[in-house]
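S.K.: Chain residues, written in single-letter form:
2 protein chains.
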Amino acid sequence: MRYELYYWPDIQGRGEFIRLALEESGARYVDVARQGKRGMAAMMKILGDKRSRRPPFAPPFLRAGKTVIAQTANILHFLGPRLKLSPRDEAGRLWAHQLQLTITDLVVEIHDTHHPVTSWLYYEEQKPAAKRRTRDFWRYRVPKFLGYFERLLARSGGNYLLGRNLSYVDLSLFQIVEGLRYAFPKRMKKFERKVPRVIALHARIRRRPRIAAYMASERRIAVSQWGIYRYFKELDQ
Amino acid sequence: MRYELYYWPDIQGRGEFIRLALEESGARYVDVARQGKRGMAAMMKILGDKRSRRPPFAPPFLRAGKTVIAQTANILHFLGPRLKLSPRDEAGRLWAHQLQLTITDLVVEIHDTHHPVTSWLYYEEQKPAAKRRTRDFWRYRVPKFLGYFERLLARSGGNYLLGRNLSYVDLSLFQIVEGLRYAFPKRMKKFERKVPRVIALHARIRRRPRIAAYMASERRIAVSQWGIYRYFKELDQ
Numbered sequence: 001m002r003y004e005l006y007y008w009p010d011i012q013g014r015g016e017f018i019r020l021a022l023e024e025s026g027a028r029y030v031d032v033a034r035q036g037k038r039g040m041a042a043m044m045k046i047l048g049d050k051r052s053r054r055p056p057f058a059p060p061f062l063r064a065g066k067t068v069i070a071q072t073a074n075i076l077h078f079l080g081p082r083l084k085l086s087p088r089d090e091a092g093r094l095w096a097h098q099l100q101l102t103i104t105d106l107v108v109e110i111h112d113t114h115h116p117v118t119s120w121l122y123y124e125e126q127k128p129a130a131k132r133r134t135r136d137f138w139r140y141r142v143p144k145f146l147g148y149f150e151r152l153l154a155r156s157g158g159n160y161l162l163g164r165n166l167s168y169v170d171l172s173l174f175q176i177v178e179g180l181r182y183a184f185p186k187r188m189k190k191f192e193r194k195v196p197r198v199i200a201l202h203a204r205i206r207r208r209p210r211i212a213a214y215m216a217s218e219r220r221i222a223v224s225q226w227g228i229y230r231y232f233k234e235l236d237q
Numbered sequence: 001m002r003y004e005l006y007y008w009p010d011i012q013g014r015g016e017f018i019r020l021a022l023e024e025s026g027a028r029y030v031d032v033a034r035q036g037k038r039g040m041a042a043m044m045k046i047l048g049d050k051r052s053r054r055p056p057f058a059p060p061f062l063r064a065g066k067t068v069i070a071q072t073a074n075i076l077h078f079l080g081p082r083l084k085l086s087p088r089d090e091a092g093r094l095w096a097h098q099l100q101l102t103i104t105d106l107v108v109e110i111h112d113t114h115h116p117v118t119s120w121l122y123y124e125e126q127k128p129a130a131k132r133r134t135r136d137f138w139r140y141r142v143p144k145f146l147g148y149f150e151r152l153l154a155r156s157g158g159n160y161l162l163g164r165n166l167s168y169v170d171l172s173l174f175q176i177v178e179g180l181r182y183a184f185p186k187r188m189k190k191f192e193r194k195v196p197r198v199i200a201l202h203a204r205i206r207r208r209p210r211i212a213a214y215m216a217s218e219r220r221i222a223v224s225q226w227g228i229y230r231y232f233k234e235l236d237q
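Chains A and U are the protein sequences, given in the same order.
Following my numbering, the numbering of the first sequence begins with 1 at its first residue and continues without gaps.
Following my numbering, the numbering of the second sequence begins with 1 at its first residue and continues without gaps.
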């Protein structure tokens with residue numbers, strides 16, 4: 001199977017959780033909208049298709065044969081058993097998906113640190129609100145979310161969130177750590193000692209040959225000020 | 001199967017999407033935390049369980065035999081085929097789930113209209129931000145989300161989002177309309193003419209015998225100023 005991933009070409013964003021799963025498993029895939037103007041046009045055509053009975057609401061979406069699937073966590077739920085990145089039994093698959101949905105919630109909260117009021121204002125126009133939101137995010141939310149994953153790693157019976165086997169959820173948690181280090185280098189440095197297992201998991205994944213090769217390639221889009229994670233000095237104090 | 005639903009006892013909140021599915025299908029279930037102090041203690045015990053290998057991050061969660069499942073959309077994904085409220089084939093199930101995840105995204109945005117900056121401030125402390133957020137929510141987001149569901153209904157080939165058969169996604173969209181009417185009666189009244197199929201779907205579901213009986217019962221928690229949907233006159237202009 002050759003998968004087609006459709007996502008905005010200039011940001012890691014939500015598409016990155018899917019790229020990491022495809023890369024780690026060595027799957028054949030095309031990152032369609034990154035294949036020049038035609039790729040972007042192909043994505044917009046699917047989004048605007050007036051006849052499709054199962055149109056995606058927004059990117060990312062994945063085409064696998066005739067099936068088009070949207071919503072990041074749903075795509076990973078679909079890919080999991082196919083890429084050998086989730087258990088095959090129903091209870092195990094639901095558990096992996098449940099954790100992925102918790103990461104989905106965290107991603108929204110990370111984005112909202114720099115744009116709490118509305119996405120139709122620039123960051124500079126909502127700076128006081130962003131500061132307040134970021135304070136509470138680091139005081140209450142990061143400890144709650146990352147503390148949860150830390151406890152899961154302590155209990156899983158293996159090196160990974162689900163136990164002895166790597167899953168797409170581990171790859172997504174890796175991406176969370178990557179993003180928090182970019183957006184909040186000082187805060188994250190201070191916080192990491194509280195979640196040593198999460199940090200060790202990140203390092204373990206960073207060393208995996210396919211992930212290391214991917215990170216060094218041009219397929220990995222550089223972090224920027226337009227994605228989920230953005231660096232603003234005044235939010236990182 | 002007798003299901004156990006665990007959710008905060010005083011709000012409709014995210015638990016309501018699950019209650020509606022259980023009620024419509026006539027399933028046997030207990031709304032545990034609403035069974036007095038002991039029920040609430042049982043919920044907190046599961047949340048605080050230090051030994052569980054698959055602990056929920058937050059309510060709602062569902063116990064079905066020995067399985068404990070969290071995340072609203074994940075619970076509905078699990079219940080769907082069991083309650084005959086989703087297709088059984090994989091592609092159909094994923095499509096239903098994809099729509100439910102889109103509703104999940106909308107629910108966050110509805111909540112954030114009254115608490116954009118942070119949940120650790122009262123509404124009164126973030127009123128200007130709430131006004132701005134609400135303006136963009138009604139200008140851009142409601143038309144995008146409800147317009148999407150309107151188009152799906154036009155194309156589905158039946159009275160429901162997935163076609164001729166009722167699914168849990170229809171019940172969730174019903175609850176979105178209920179909530180928007182409560183929180184934004186004026187704005188919603190004006191907007192409804194743009195999504196006649198969504199409104200007709202709401203009416204159709206409201207008339208279903210089990211839903212009508214549920215809505216008239218004490219099992220349906222009254223709307224309040226503590227849930228996802230809250231009414232503030234100044235946000236409804």
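Hints listed in this document are in silico derivations from the structure and should not be mistaken for laboratory results.
One or more hints might be untrue.
[Stated by the list, open to error] Listed next, the in silico EDC-like pairs over lysine to aspartate or glutamate satisfying Cα-Cα at most 16 Å (straight line):
1. U/233 <-> U/124
2. U/131 <-> U/109
3. U/127 <-> U/234
4. A/190 <-> A/125
5. U/66 <-> U/4
6. U/144 <-> U/125
7. A/131 <-> U/125
8. U/50 <-> A/150
9. A/144 <-> A/89
10. U/66 <-> U/49
11. U/186 <-> U/124
12. U/66 <-> A/90
13. A/190 <-> A/178
14. U/66 <-> A/150
15. A/66 <-> A/4
16. A/186 <-> A/150
17. U/186 <-> U/234
18. A/144 <-> A/218
19. A/66 <-> U/109
20. A/66 <-> U/89
21. A/127 <-> A/4
22. A/50 <-> U/150
23. U/189 <-> U/236
24. U/131 <-> A/125
[To be verified] If you want the ones that stay clear, here's a sample from chain U, every Cβ over 10 Å from chain A, calculated:
25. 1
26. 40
27. 117
Note that CB positions come from ideal geometry on N, CA and C, so glycine has one too.
S.K.: Hint by hint, note whether the structure agrees.
M.R.: These are the hints, each one checked on the structure:
For the proposed pair residue 233 of chain U and residue 124 of chain U, the alpha carbon gap of about 12 Å is at most 16 Å, so the pair holds. For the given pair, residue 131 of chain U sits about 13 Å from residue 109 of chain U by alpha-carbon distance, which is consistent with the 16 Å threshold. Taking the CA atoms of residue 127 of chain U and residue 234 of chain U, the gap is about 9 Å. The hint holds against a cut of 16 Å. The straight-line distance between the Cα atoms of residue 190 of chain A and residue 125 of chain A is roughly 29 Å, outside the 16 Å bound, and the hint therefore fails.
For the hint linking residue 66 of chain U to residue 4 of chain U, the alpha-carbon distance of about 11 Å falls within 16 Å, and the restraint holds. A C-alpha spacing of about 29 Å is found between residue 144 of chain U and residue 125 of chain U, which places the hinted pair above 16 Å, so the restraint is violated. As the CA atoms of residue 131 of chain A and residue 125 of chain U are separated by approximately 15 Å, the hinted pair is consistent with the 16 Å bound. At most 16 Å may separate the alpha-carbon atoms for a hinted pair to count; residue 50 of chain U and residue 150 of chain A meet this at roughly 12 Å.
Distance restraint check for residue 144 of chain A and residue 89 of chain A: the Cα-Cα separation of roughly 29 Å exceeds the 16 Å cut-off, and the hinted pair is therefore not satisfied. For a cut-off of 16 Å, the pair hint linking residue 66 of chain U to residue 49 of chain U stands: about 15 Å separates their Cα positions. With a CA separation close to 21 Å, the supplied pair residue 186 of chain U and residue 124 of chain U exceeds the 16 Å bound. The straight-line distance between the Cα atoms of residue 66 of chain U and residue 90 of chain A is roughly 13 Å, inside the 16 Å bound, and the hint therefore holds.
Note on residue 190 of chain A and residue 178 of chain A: the hinted pairing holds, with a Cα-Cα distance of about 15 Å set against a maximum of 16 Å. About 24 Å separates the Cα atoms of residue 66 of chain U and residue 150 of chain A, which puts this hinted pair outside 16 Å; it is violated. With a C-alpha separation of about 11 Å, the suggested pair residue 66 of chain A and residue 4 of chain A falls inside the 16 Å cut-off, and the hint holds. Of the pairs offered as hints, the one joining residue 186 of chain A and residue 150 of chain A is violated, with about 20 Å between alpha carbons and a cut-off of 16 Å exceeded.
Between residue 186 of chain U and residue 234 of chain U the CA atoms are separated by roughly 11 Å; this keeps the pair inside 16 Å, and the hint holds. In summary, the hint linking residue 144 of chain A to residue 218 of chain A is not supported, as the alpha carbons are separated by about 34 Å, beyond the 16 Å threshold. For the suggested pair residue 66 of chain A and residue 109 of chain U, the alpha carbons sit about 32 Å apart, so the restraint of at most 16 Å is broken. The suggested pairing of residue 66 of chain A with residue 89 of chain U holds, with an alpha-carbon distance near 15 Å, which does not exceed 16 Å.
The straight-line distance between the Cα atoms of residue 127 of chain A and residue 4 of chain A is roughly 38 Å, outside the 16 Å bound, and the hint therefore fails. Restraint check for residue 50 of chain A and residue 150 of chain U: satisfied, since their Cα atoms lie roughly 12 Å apart, inside the 16 Å limit. At roughly 11 Å between alpha-carbon atoms, residue 189 of chain U and residue 236 of chain U fall within 16 Å of each other, so this suggested pair holds. The suggested pairing of residue 131 of chain U with residue 125 of chain A holds, with an alpha-carbon distance near 15 Å, which does not exceed 16 Å.
No beta-carbon of chain A comes within 10 Å of the beta-carbon of residue 1 of chain U; the shortest separation is about 15 Å. The claim that residue 40 of chain U is not at the interface with chain A holds, since no C-beta of that chain comes within 10 Å of its own (minimum 20 Å). With 10 Å as the threshold on Cβ separation, the claim that residue 117 of chain U sits away from chain A is violated: the shortest Cβ distance comes to roughly 5 Å.
Hints 4, 6, 9, 11, 14, 16, 18, 19, 21 and 27, counting from the list given before, are not met by this structure.
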